[in-house]
Each structure stands twice: as structure tokens, then as C-alpha cells.
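Q: Each chain, written out:
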Amino acid sequence: MKYIFKRIGLLLITMILVSFLTFLAFEIVSGDPVRNMLGTDASPAQIEALRQELGLDKPFLSRYVSWLLGFFSGDLGRSFSYKQPVWELISSKLVITLALSLISFALIILVSIPLGVFSYQWVGGPLDGVRTAFNQLCMAVPPFFTGILLSWTFGVILKVFTPGDFPGFAKDPGGSFVHLFFAAICLSIPRIAMTVRMMRSTIVDEMNKAYVRTAISRGNNRWSVLTRHVLKNSLVLVVTFLGQTLAELVAASIVVEQVLGIPGLGRFLVASISHRDYPVVQAIVVILAFWVVLAGTISDIVNRRIDPRLRLGGEDE
Amino acid sequence: MLEVRDLHIRFLNRDREAVAGISFTIKDGEIMGLVGESGSGKTVTAMSIAGLLPRKQCEFSGDILLNGQDLLHAERKLLRSMHGKDIGVVFQEPMSAMDPLMKVGEQVGEVLRIHTDLSKEERREKVLQVMREVELRDPEAVYEKYPHELSGGMLQRAMIGAAIVIEPSLLLLDEPTTALDVTIQAQILELLKRLNRERGISMLFISHNLNVVRKLCRRVAVMQRGKLVELGETEEVFFHPLHPYSKKLIDAIPTRDKKQTEP
Ligand SMILES: Nc1ncnc2c1ncn2[C@@H]1O[C@H](COP(=O)(O)OP(=O)(O)OP(=O)(O)O)[C@@H](O)[C@H]1O
Ligand SMILES: [Mg+2]
Chain C
1 MKYIFKRIGL
11 LLITMILVSF
21 LTFLAFEIVS
31 GDPVRNMLGT
41 DASPAQIEAL
51 RQELGLDKPF
61 LSRYVSWLLG
71 FFSGDLGRSF
81 SYKQPVWELI
91 SSKLVITLAL
101 SLISFALIIL
111 VSIPLGVFSY
121 QWVGGPLDGV
131 RTAFNQLCMA
141 VPPFFTGILL
151 SWTFGVILKV
161 FTPGDFPGFA
171 KDPGGSFVHL
181 FFAAICLSIP
191 RIAMTVRMMR
201 STIVDEMNKA
211 YVRTAISRGN
221 NRWSVLTRHV
231 LKNSLVLVVT
241 FLGQTLAELV
251 AASIVVEQVL
261 GIPGLGRFLV
271 ASISHRDYPV
281 VQAIVVILAF
291 WVVLAGTISD
301 IVNRRIDPRL
311 RLGGEDE
Chain D
1 MLEVRDLHIR
11 FLNRDREAVA
21 GISFTIKDGE
31 IMGLVGESGS
41 GKTVTAMSIA
51 GLLPRKQCEF
61 SGDILLNGQD
71 LLHAERKLLR
81 SMHGKDIGVV
91 FQEPMSAMDP
101 LMKVGEQVGE
111 VLRIHTDLSK
121 EERREKVLQV
131 MREVELRDPE
141 AVYEKYPHEL
151 SGGMLQRAMI
161 GAAIVIEPSL
171 LLLDEPTTAL
181 DVTIQAQILE
191 LLKRLNRERG
201 ISMLFISHNL
211 NVVRKLCRRV
221 AVMQRGKLVE
231 LGETEEVFFH
241 PLHPYSKKLI
251 DAIPTRDKKQ
261 TEP
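These protein sequence lines are chains C and D, in that order.
To convert, note that position 80 of the first sequence is 80 in the numbering used here; the numbers rise steadily by one, no gaps.
To convert, note that position 101 of the second sequence is 101 in the numbering used here; the numbers rise steadily by one, no gaps.
By construction, these hints were calculated from the structure, which means they are not laboratory data.
Note that this is a predicted model, so its numbers are computed, not measured.
Hints are supplied without guarantee of correctness; some may be wrong.
Between beta-carbon pairs, the in silico distance windows are [said to hold, decoys possible]:
1. D:118 <-> C:149: 50 to 60 Å
2. C:169 <-> D:75: 38 to 48 Å
3. C:237 <-> D:74: 55 to 65 Å
4. D:65 <-> C:121: 47 to 57 Å
5. C:134 <-> D:76: 24 to 34 Å
6. C:302 <-> D:138: 24 to 34 Å
Every residue, glycine too, gets a C-beta built ideally from N, C-alpha and C.
Hey, can you work out the whole structure from these sequences and the hints?
A: This is how it looks when you write it as C-alpha cells:
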């Protein structure tokens, strides 16, 4: 219980801090949203009127506080450019980006954990060098490049999906899924390679520990040493790593969304920044921060389930 | 009965042999001591008997026969079927020798899981029984604990329990009490003595403390730089050491203790 409260507190502090910093960043960075909206030939009176309408005439701190109060009462404000509530604008895009991240994450887990174990079995074998080279290659290939490659082969030649024309979940859930699946492949390849590499080295380290010798002395074969003892012990590090991956995925999806024409949060964020649509940017940044802390919390909770030593420190479980 | 004949082991990355031609026998129901300073080859000897030698990393020759069955050159599969069932091992550091993420009870019952077809409940019953036998208080609670929740002494009792739960013909104890404080050490020695008396399990007890060995073992082998420099009745070696090295080991023992036990 205490642990949960601590985590929620951390979440709140992070979000307040992040939102304040973005607010501050926009205050410092040049570029006036009002001039942006009205164009260069607007009269000073028009500009002043719009500033008042948007509340930009008030001092920085009072603007921030009223934003924060609105945020906690569920009001993310109104977009400057679209004159619509921010939540209405971003909720459908948020769903797309979340779906993309979760599909990628599922791919990463489903592929890299078996592959990590498999890759350990190769240690010292004749193909180990080939494996290492392939792993390096996968780690180095940037998602946008895979994105271009996949849109070309599967989109242009094989016509499995149409890059740039995302059907939307309401219209065509299957097609949308295929579209997101290809984006997820681009996102996950380098991360799968990293996870496999780190799993393999963790397993190698664990295999040298004393409890492995005990396990062998009791008659465990290599496979059951691995599955009954070593794998679980390796998992703590892997889960932490996967938590970081989950946190990064949303940010990483921005680039892939651009390449494959997916109308997610990432694309919208980039557009909103260039339009100086502060309320939208602010909301997206806070959601990203929330996501990052949430990912950390999840990996923490999973690790506490795996490793009883992490439950020490008077917190109940 | 265990017979070791002219055992040689050399690690490929070393010039000197870790074990340089040793021979000894442990009769059924006997506890034999093996003493020697650090690096003399005690652990390597025990590991080769247990079939835990990293074979790819060393050259070896000689014979290790347990009830006539060759262990040194045995196939991996055969060794696995004997691990835990015919030979039990207890290591020096109970904390690191246990899997930190597995309940102590499950670890004690692991040998049963591997070598018998007992059901989960039957295994649990056996584990609780062996825990009582090694004098672990409140076995039901200990069963559910993780290694970090128990003291070193309790863990070592659990390790001994895990090694004898299926009644092996030989128990190898590699400095099982070195990491424990003196009172606990004495209790563990008593426990081993009782197990030997009641169950008749043969043991090889390794220590670098001749005084400890004397409390437990009728016979002792003294090892130095891979060789046995002395082998015989413990009291004989203790009071009439033939080799200057054994003398050195005995001289290190507090004299008060020596006088008390002088006949
Ligand atoms: N895996 C290994 N590779 C190379 N050399 C090894 C290996 N294991 C042991 N040795 C060497 O073999 C010799 C005997 O070591 P061993 O561990 O048997 O000594 P010990 O008598 O058990 O000492 P201690 O009292 O410190 O446990 C040492 O010189 C050691 O360095
Ligand atoms: Mg040793």
C-alpha cells in the first residue's frame, strides 16, 4: 500500500515538473502563437484582442497555475489552431500511438525472450560469430530505414497495405492492425536485437554463479538449470531493460509514424510544435511523461514479484 | 564404498597439477576428513568425485569408483542420474549456493522432483520430514522462506537436508562450517555426526581446520600442493605427525585445547 502511494506521488511530481518545464521552454523559445495564427499583416489591436482571448496577456505563473488546475479537473484546454478542446483532438491519435507501442512491445517480448535463450545455446558454437554480426546489424538499422524498406516491399510491390493511408480503427480494424504491425516491426527490430544481446550476456553471467553448481549437483540437466533457475534470475535485469524500452517506444514511434503515414500522436506533436499550438504540445508532453513513469512503475512491480529481495524495506506485499 | 586411485587433474591454463596423484578409500558409513591449506586442491578433489569437474577445461587421469561405478570418466547422462541421488554435495557458502529466487522448501525438495515420481504433496511431506531431521525449527514456515530470510546456520542445515533427502551413498562436505560462527559450527558438526550414526551415510569432510576434523572423523588425509602428504587415523596424525607440514597444521591449534584432550 505504502509502495503504491509512493509511486503515485512520484508520478504526480514528475508530471508537474515536466509540465512546468515545457511551459517554461515555450516562454523562452521565440515564436508567438498569435502572430502565427493571424499572419504578418494583422493590426496591433487584433493581436491584442486574440492575446486576451487566449489568456496570453496574463503573467507566466498565473497562466501555468490555471493550466495545472484545469489539468487536474480533467480539462486539457483548447487548441489554438483548431479552436477545439485538446482532449477531443488527441484522444483518437493517442489510441493509435498506444496501439502501435503495445504491438511493438508485445513483438519485442514474444521474439526476444525465446531468441535470447536460443542465442545463449549458441555461445561458443561455430555460428556464434555470424549471430553476433547479425545482431549488430539489427541494432544499427534505424527504424525509418526499415520503414521505407517495408513500405516499398509490402506496400508498393506486394500491396499488403497502403503506406500513408491509414484506414482508422472505426472503418477497418483489420487493415489498421496490419498497418500498425508493419510500423511495429520497424520499431522493434533494433530493440529486439538489444534485448537478445543483454539477455544472452545476463544468462552467461548467471551461469557462472554458485547456485548453478548446486543445481547441477542435484541432477538438473542444462535445460532445467536454465529454465528453473537461471532464467528467472536473469529476468530482473531484462525486465528493467524492457521497462525502459516501453518508455522509449512512444517517443520512438514519432519517426515511424512519419515514415509510414500513421496519424498518431507523434505526427500531431511535430505539427503542433511548428504551429506553436502550446496547449496541444503541453498535453502530449505530459502524457508522454506519464507514460514514462508508468512504464518504470510497471517494471518495478513485475520485478518485485520476481525477486523477493526487492520487497524488503518494510513495505507489505 | 568410494575408491580414489592415482587421481591427476591439471587445468589447461595452469602448469602445475591441481591434484597430483592421490589415492584414498572411504568405507561405507565412514566419515573421512580432508585437510590442507588454501589452494592445496581439496575442492578440486571433491568436485571431481561429485562429477562437477569442468571437463573441457582440464586434463585428468586415474579412477574414482563409487560402489564400483567409475565417476571420473562416466558419461554426462549417467552422472546426472547419480547427482543428488548417489552423491550429495554441501558447499561452503550456503547463501550463494542457493538460488535466491526459489523457496527454500522447493530447493530442499529439488532432488526428489528430479529423481522420484512423488507428487507435490508427497515431496512436501518428505521435505518437512528432512527439515525436522536436520533440526530446522518450524519447518512449515522455513519451507516458504527465501534464502535471504534465513540465517547462515539455518541455510546450511537446509543445504544438508537437501543433500540427504534421498539418502545418497556419499555426502561431500566442502568446508560446510567455515562461513559460520563457532557455536553454529559445533551444532552442525553434531548434526553430521548424528546423521552418520543414525543413517550410516558416508562422508568426505573438507576443512582447513584439523581441530574441526578431529571432532568428526576417524581418518584424515592431509593435502599439500595437490598431493596427500599424510593419511591415517586422525588421532595418529594429530599426535604423531610424520610430515612436517601436518605438524605445522597441528601447531596452529590452540595449546589449551590440545592439553585438555591429551590422553
Ligand atoms: N576452474 C579452475 N581453473 C583453473 N585453476 C583452478 C580452477 N579451480 C581451481 N584451480 C586451481 O586448483 C588449485 C586447487 O584449488 P582448490 O580450490 O581445490 O583449493 P582448496 O584446497 O579447495 O582451497 P580453499 O581452501 O581455498 O578452498 C588452485 O591452485 C586453484 O587455483
Ligand atoms: Mg575449496
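Q: Hint by hint, note whether the structure agrees.
A: Hints, verified against the model:
| no. | hint | result |
| --- | --- | --- |
| 1 | D:118 <-> C:149: 50 to 60 Å | 56 Å, holds |
| 2 | C:169 <-> D:75: 38 to 48 Å | 59 Å, violated |
| 3 | C:237 <-> D:74: 55 to 65 Å | 36 Å, violated |
| 4 | D:65 <-> C:121: 47 to 57 Å | 34 Å, violated |
| 5 | C:134 <-> D:76: 24 to 34 Å | 31 Å, holds |
| 6 | C:302 <-> D:138: 24 to 34 Å | 31 Å, holds |
Violated hints, in rising order: 2, 3, 4; the structure is consistent with all others.
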